[in-house]
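Novice: Hints are included, so try docking the two chains, each in its own frame, into the full complex.
Chains Z and D supply the protein sequences, listed in that same order. Last residue of the first sequence: 350 (full-length UniProt numbering), numbering continuous. Last residue of the second sequence: 617 (full-length UniProt numbering), numbering continuous.
Worth double-checking, as some hints may not be accurate.
To be verified - Mimicking DSBU-like on lysine-lysine, the simulated pairs with C-alpha atoms at most 35 Å apart in a straight line are:
1) Lys408(D) to Lys58(Z)
2) Lys78(Z) to Lys487(D)
3) Lys348(D) to Lys58(Z)
4) Lys340(Z) to Lys348(D)
5) Lys340(Z) to Lys171(D)
6) Lys487(D) to Lys340(Z)
7) Lys403(D) to Lys58(Z)
8) Lys78(Z) to Lys348(D)
9) Lys146(Z) to Lys348(D)
10) Lys78(Z) to Lys444(D)
11) Lys246(D) to Lys469(D)
12) Lys64(D) to Lys340(Z)
13) Lys311(Z) to Lys249(D)
14) Lys246(D) to Lys340(Z)
15) Lys403(D) to Lys78(Z)
16) Lys208(D) to Lys340(Z)
17) Lys64(D) to Lys58(Z)
18) Lys146(Z) to Lys469(D)
19) Lys340(Z) to Lys403(D)
20) Lys348(D) to Lys477(D)
21) Lys477(D) to Lys58(Z)
22) Lys340(Z) to Lys469(D)
23) Lys192(Z) to Lys444(D)
24) Lys171(D) to Lys58(Z)
It is worth saying that the hints were derived from the structure and are not from the lab.
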Amino acid sequence: MSYQVPKFRHPELPRNELGYTRADYEGSVSTLCAGCGHDSISGSIVRACHELSLEPHKIAKLSGIGCSSKSPTYFLGKSHGFNSVHGRMPSVVTGAAMANRDLLYLGVSGDGDTASIGMGQFTHAIRRNLNMVYIVMNNGCYGLTKGQDSATADEGSASKKGDPNPFGAIDLPGLALQLGATFVARSFSGDKEQLVPLIKAAMTHRGFALIDVVSPCVTFNNNTASTKSYEFVREHAAATGTVDFVPMREEITTSYPPGQSQEVTMHDGSVLHLHKVSEELDPFDRSSALLALERYRSSGQILTGLIYMDKDSRDLHEVLETSRRPLNTLVEEDLCPGDKVLQNINASLR
Amino acid sequence: MKSLEAVNEFVIKFANVNGTGSASANNLFAKALFRMGLPVSPKNIFPSNIQGLPTWYEVRVSEKGYLGRRGGVDIMVSVNPQSMPQDIKEVEPGGYFIYDDTKPLDLRLIRNDVNIIGLPLTRICNEQYSDPRQRQLFKNVIYVGALAALLDMDFAVITQLVGDQFKGKEKLVLPNIHALELGHQYVKSNLDCPIGITVRTSDQVGEKILLDGNTALGLGAIYGGATVAAWYPITPSTSVVDAYEKYAKRLRIDPGTGSRNYAIVQAEDELAAMGMVIGASWNGARAFTATSGPGLSLMSEFLGLAYFAEIPTVLFDVQRAGPSTGMPTRTQQSDVLSAAYASHGDTKQVLLFPSTPKECFDMGAASFDLAERLQTPIILMTDLDLGMNDNMSEPLHWDDDRKYDRGKVLSADDLDRIERYGRYLDVDGDAICYRTYPGTHPEKGAFFTRGTSRDEYAVYTERGEEYEKNMHRLMAKWETIKQYVPKPQVIRSKQKTDTALLYYGTSEESSREAMDYLAEDGIHVNAMRVRAFPFNDEVEAFLHEHERVFIIEQNRDAQLRTLLMAEFELGPDKLKSVLCFDGTPISARNIRKQILLQMPGYNVTPLRRERVVGNGE
Ligand SMILES: Cc1ncc(C[n+]2csc(CCOP(=O)(O)OP(=O)(O)O)c2C)c(N)n1
Ligand code: SF4
Ligand SMILES: [Mg+2]
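So here's chain D without its partners, still in its complex pose (with noise of 0.2 Å):
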């Protein structure tokens, strides 16, 4: 057998049992290697469940710089014998199938073509602890320690990152330094190591940070002057307000009463929470929620009330497997379209697709400019593979001297200055008219919102003139919003080349990835990532210029194409679906393996849309 060897590249998963506290010393490892300065890319792919079912930590390590999800697994550190049948299967061949051998391994399950290596944690927590809780937890660190040995890891690095990661509880520092002593101990005096996969400092981190993306929502919210939050829990999004809630009890207490510059509201259901974003806003302060699918339906029939009042909405989407309750802990991008006409009569609403936490912390924050500017919903798009996992990241920056855009709001001043007030008035030309705030001006600029039909002068109406008037309005808007959302990015191939990838969010890393693959096979290939809904101008002049390019993304039904083929009228023959649905996110083999099928001469002619979908590795 020909072993895996490699150097600072390659994919290690970890198969644990929820609520044992192995997330934390699955982090520790990732964030070990991460000080190393290797760019890691750990996910967590967990249950929606509290305890007891089985758990996987993937740490892609890549010293080039691949973030995205490679597919196949080189190492597999198995600690859940639940699972082992089926973790042991996708371990390449080659690779390294690590297990608790205090218990003999399955002779059914052993495979010729992996290199087993057993380490006794139960006997050494058993030796070690006697409270049993302490044997569970310690079982996760000793496995860390012991891979330190097996990769050749700097040890020094996870003692000093232990030391910091227990800042204040020292307490804990020592147990835990002794039970990473014990696995790489363990490990030195009877295996043989390094094994062929190892690790070597390096210096590919430079500045850069690893942060989740639903924290740095929160903190995009904290920055971009958000005062009240209102929201409702639901997996994957709980967490951009959790870390709203942290940073704004550390920022926003007034320094001279002690009393909150922000209010959070725990609603009683999504519906509620949209109501109060919509009610806040309307009353000229900047607020959010952040949901999840089966929230973004409920708040559908609101979306379509603040798009036709035209109050500035700013709701984050931490999107996850559906329909219905799907498979709520895994990740996907399927709300596209029902985010993208988000509810009933003629509506379109803005989407934004962040791909980095540092795109997180900045489109959040520009959410509330753009929903004052634009004066309507601002609908975020991430998902549970970026809200949720760690991601190496640019570090976050803020200029000191940016001033919020409020948007068109009228002062009483400004009212005094006017003839007639009309809320629904295009003077500008530009499609949007004049808010003002409740409570402005004693006699002036008092207007009714309402989600009826109404003429310029916000006066209900039911003639059909006013009310076509008012909604080609609502499309001329809808140009002037393309000048404001943010631009896609183009990468150009040297080659010349008629074919393109388009992606969006989360699927960047691994079509970026797959776009290196696919040079080694002679396909050379544009690449765009959309970045906001409407689309703006250059995304119709990149489909224009291409004879076929395939949209990269994590839904069965192809949600952004038919977004593109409904705006462009454009036609299945040019634009070719690359999907990935099975919850975890798409990997780069994957997208791939999808484009080769379905380059002409390159394939075996894939005639079914189900060979070539799913299977997401």
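One chain only, chain Z, in its complex shape (with noise of 0.2 Å):
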């Protein structure tokens, strides 16, 4: 069962720069539960992808396993996927990066995928500065195995099956933040608004983006005594401020009103506009976002929104300074070396 609607679609649908409705950019209609924050959470995928003009043969979904994990089956249908092993899609996701750094890199997990089992990977993606978007579907739960608790559920917080967490969350922005996370975001999958535009603004970034978006699971963690139900994140969420992104080719023409707007200049070119933040974050300062994440977690609420990004990013290929052009489309002219400076080695070993 899907709440997405199979297609049918009108043909007066607009287009973007490249001709492609929203509907190119959709994949095979979702097997998830009927409301699961998941497949929101593809939807916004889709619309950022479409309004952002992307070739979608130019970008590769990659995932673990889990019903978020599923989730790249369900957008992106031009797109080569990758459905890995638990918890080990930030690996894949390095090696297909080195391969071909021309591809934009989506990859999407589940809190079981990411906190626990794939802890020690997503860490290193992070210190790696990997060039990827990387979205966190973030249940509290483990959905495909009929919800356990995870890592990122709330102490006290208790499941359908009942008993209040005894265990201490684990923060994904925060500890992103602290491993040095060059974009780091916090979204909820009920609000389109706010997430279409961070999609868009991590997919533009270079470096690693972190969005961890709050996607109920309506089946095992909706219900009141759940902190990653939908009452209860609609009640304590609290944004940083709204963000707007204008693409590199197109206009601005919202006119904000002046002191309460900042602007960033993406490295293509793009803006990302700022407004309404609150006074208590400066989210180009990395102290100062994890003293407002703190700040909003010991009152109770949940922050959401861009709470960091480091606009002079440099991603891995910078720092292994490997060749502009993709390894992958590189041939035996400049790989292998020839017999000659074999026969000199050779030398070299009598």
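Specialist: Now the structure itself:
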């Protein structure tokens, strides 16, 4: 079952610069539970890619294992996808990104996939500042194995099964900040107006971009005692401000009241507008971001929106000084030194 | 006492303390003999430790060309008092025990059946050098100089070699030559020399080179076109990636931009290393990782994914003694079964077994062609002995007309010509299907790679027939693979025989030497060296042809034999085991002994396996 409507499309659907309608960015019909937050996130991904006029086949979507990790089948049907093994998507993306630096890498994971079994790979992908978008569809439980608490479940929160969780939660944005992540955001599957521009900004960012999206599991963790339910998140979310993303090619049409807005030019020329940013947060200052996260957490609120961004981030390819030409396009002439060199090597071994 | 007498045929062993610089001096000794035209086979037997524990270096010198371990020690150079009691026991009767007599030898250790030769190494060093580090380093060089006199080596070859080895660091040449002369002079003026074992210049080396298998593998990866290396440090595989990096820095820099035509990622663990290789290969780059047993265990889940999703993957497994951490700096061939069936579910993995550095280079480069052609993991099984020791080898060669075999990959034009693309559709009937790289075509050719069951169009399915069909195709592909992997090599005895030896990897040299010994015992055998799994049809035919086949390997559980029994449904009466798993390379004498014990009419019947195996001489 699914909330995503099967494909019947009005011929007059708006087309983007490439002439694609939103339908061109959709995938197969979802098999997730009706109302699952993950499907809404898929919808936001579709919208963001369409609005950014990305070529679908230049995106690679990769995931681990879980309901969340299934969702790449349900968007971007023209893109290659890779459903890898549980918790190990970051390494597969690392290799893929090394092979071809020209694709956009979209990783999708769950809170189990990221914060438990995949914690090691997640942290090291951040540390290397791998050029990718990493979306965690965070429902505080293991959906696919029927609702066990995950490591992001809040202390005291209880899933449908009942017992309050005795352990503290791992806060992924906070952790990412400490590890040196260069783009950190949090959002809510139910808030597309916030999520879509964040996905666009993350896709334009050079380096590792984390978006932790609270995404309720309607089947196992949407009950009143849960802090990952629709109701709880709606009531406790506090946005850092609003984000507006203007792609490089587009004109800036909205006018923002002076004094309330900050403008950031991304490396490709796109512009990010942040407005009504809370006075407590400077999203370009890591310690300010950490402080804000902690302050909201201790007051029982969930801080959403853009939390931190490093405008001068250097991604792994820059650090490794790899060739501008994607490594997977190199041929014998570029790669094989030939027999003459080998004979010199032989001579040095006698 | 009858002293051993030999020219150009002997085994010498050095007993040192690790971290004292002995390895380079011992290497100088071996290389000098090699330069004199003598086949040498040096083996470093070292502890898993950085400084202070016993370490040995054994050099087989054989003008006849035997490169394996023979067993036994003719000359022991004992520079480590810690291991002296054990070391003197190892010397063959009539052999030579050379020790530092600055301190008198413990009387309890003295053996009347060996020649005991004292060299006042510490005293000479203390007189000559004041700096403790110099005293330690040059002590090693001094005994090399002394050996040159004792064995009647060509001294000029050694001094020339020192010049070559310190090219660019000329300051070090003279002090080293001085130390060599100190040892040489001392022997000339104080001892009877040469001893009964001597060396003479020969011509048995020809074009051959002295190279370790790991460096050869690293070079193979460069020549084979690998652009992505992902790895996690582990002995004895680390030097594979070290070598790849060393040569990449020289040979893979883009001349125009100075940027790198390669990427090396030191991963957080072996799981990640394998994931990176899979990701890169999926995306159309040639990628590899190198590891040893513990890493292989960690990579298991991913190897199953690569097998099932059919992603080219190259893994170099430099085996060491397991299980668990085992003896991490000792050699074994004990990952055979865990590699062959790596991962849960019904999996079979392709294995390659190189025996020499040249084969490491050739098979290393070929791994990438095979992986892409066959769309499956290729696990190259080498070991510490081959990987970390200098081995005499045929020179490396590359055919400049050779093109990489990138396997079945569809371009955008290809896709335009097809009606409907199916990733797992067996179009050609060889059970190998067509891949597409991400980003190839705006509308066609995209698919979902997954470890879950799917149909021929890569669409998720849980229908049992579809799943079975795919599993059958993978078995059909296994048959196809047999035609691509390297064929075995066979040696036929001039005499008709129903007995054969079968070996692989580093057991080759000792096995061949053992064949000569056995011929002297009146036992003639045919021999086969297996070079890959799946076993080619030739292997099966060879087994059927013989009454009894001795499977020679370096592990406890006769792993290749188990694999042969499973694949060919053969029984234990036909397939006999010759095993060594004490962590040292198997020796020719050990092989001979184990075979004699199992040959009808030649033995006191060995009733218990324990009496046959182990005891690796
Ligand atoms: C190695 C391994 N262990 C366990 C599992 C079983 N498993 C599948 S999904 C999953 C948890 C998924 O949780 P999460 O990532 O939060 O995804 P969700 O289903 O909640 O979206 C587990 C434990 C597995 N597939 N592989
Ligand atoms: S079980 Fe939960 S997470 Fe999985 S699809 Fe259903 S609602 Fe979504
Ligand atoms: Mg979850």
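Novice: For every hint, state whether the structure bears it out.
Specialist: Now for the hints, and whether the structure bears them out:
1. A threshold of 35 Å between alpha carbons decides the hint, and for Lys408(D) with Lys58(Z) the separation of about 21 Å falls inside it, so the pair holds.
2. The suggested pairing of Lys78(Z) with Lys487(D) is violated, with an alpha-carbon distance near 42 Å, which exceeds 35 Å.
3. Restraint check: the Cα-Cα separation between Lys348(D) and Lys58(Z) comes to about 34 Å, which is no more than 35 Å; the hinted pair holds.
4. At roughly 38 Å between alpha-carbon atoms, Lys340(Z) and Lys348(D) are farther apart than 35 Å, so this suggested pair is violated.
5. Restraint check for Lys340(Z) and Lys171(D): satisfied, since their Cα atoms lie roughly 31 Å apart, inside the 35 Å limit.
6. Between the alpha carbons of Lys487(D) and Lys340(Z) the distance comes to roughly 28 Å, so the proposed pair stays at or under 35 Å and holds.
7. Taken as a hint, the Lys403(D) and Lys58(Z) pair is honoured in the structure, with Cα atoms around 28 Å apart against an allowance of 35 Å.
8. Taken as a hint, the Lys78(Z) and Lys348(D) pair is honoured in the structure, with Cα atoms around 32 Å apart against an allowance of 35 Å.
9. A distance of roughly 32 Å separates the Cα atoms of Lys146(Z) and Lys348(D); the hinted pair therefore holds under the 35 Å criterion.
10. For the hint pairing Lys78(Z) with Lys444(D), the CA-to-CA distance comes to about 7 Å; that is within 35 Å, so the pair holds.
11. Of the supplied pair hints, the one linking Lys246(D) and Lys469(D) is violated, its CA atoms being roughly 46 Å apart against a limit of 35 Å.
12. Restraint check for Lys64(D) and Lys340(Z): the C-alpha separation of about 31 Å stays at or below 35 Å, so the hint holds.
13. With a C-alpha separation of about 31 Å, the suggested pairing of Lys311(Z) with Lys249(D) holds against the 35 Å cut-off.
14. For a cut-off of 35 Å, the pair hint linking Lys246(D) to Lys340(Z) stands: about 18 Å separates their Cα positions.
15. Distance restraint check for Lys403(D) and Lys78(Z): the Cα-Cα separation of roughly 32 Å lies within the 35 Å cut-off, and the hinted pair is therefore satisfied.
16. For the given pair, Lys208(D) sits about 17 Å from Lys340(Z) by alpha-carbon distance, which is consistent with the 35 Å threshold.
17. Among the hinted pairs, Lys64(D) with Lys58(Z) is inconsistent with the structure: their alpha-carbon atoms are about 61 Å apart, more than 35 Å.
18. Restraint check for Lys146(Z) and Lys469(D): the C-alpha separation of about 30 Å stays at or below 35 Å, so the hint holds.
19. Under the criterion of a C-alpha separation no larger than 35 Å, the hint pairing Lys340(Z) with Lys403(D) is consistent with the structure, at around 17 Å.
20. A distance of roughly 11 Å separates the Cα atoms of Lys348(D) and Lys477(D); the hinted pair therefore holds under the 35 Å criterion.
21. The suggested pairing of Lys477(D) with Lys58(Z) holds, with an alpha-carbon distance near 31 Å, which does not exceed 35 Å.
22. At roughly 48 Å between alpha-carbon atoms, Lys340(Z) and Lys469(D) are farther apart than 35 Å, so this suggested pair is violated.
23. With a CA separation close to 30 Å, the supplied pair Lys192(Z) and Lys444(D) stays within the 35 Å bound.
24. As the CA atoms of Lys171(D) and Lys58(Z) are separated by approximately 57 Å, the hinted pair breaks the 35 Å bound.
Consistency note: the structure conflicts with the earlier hints numbered 2, 4, 11, 17, 22 and 24.
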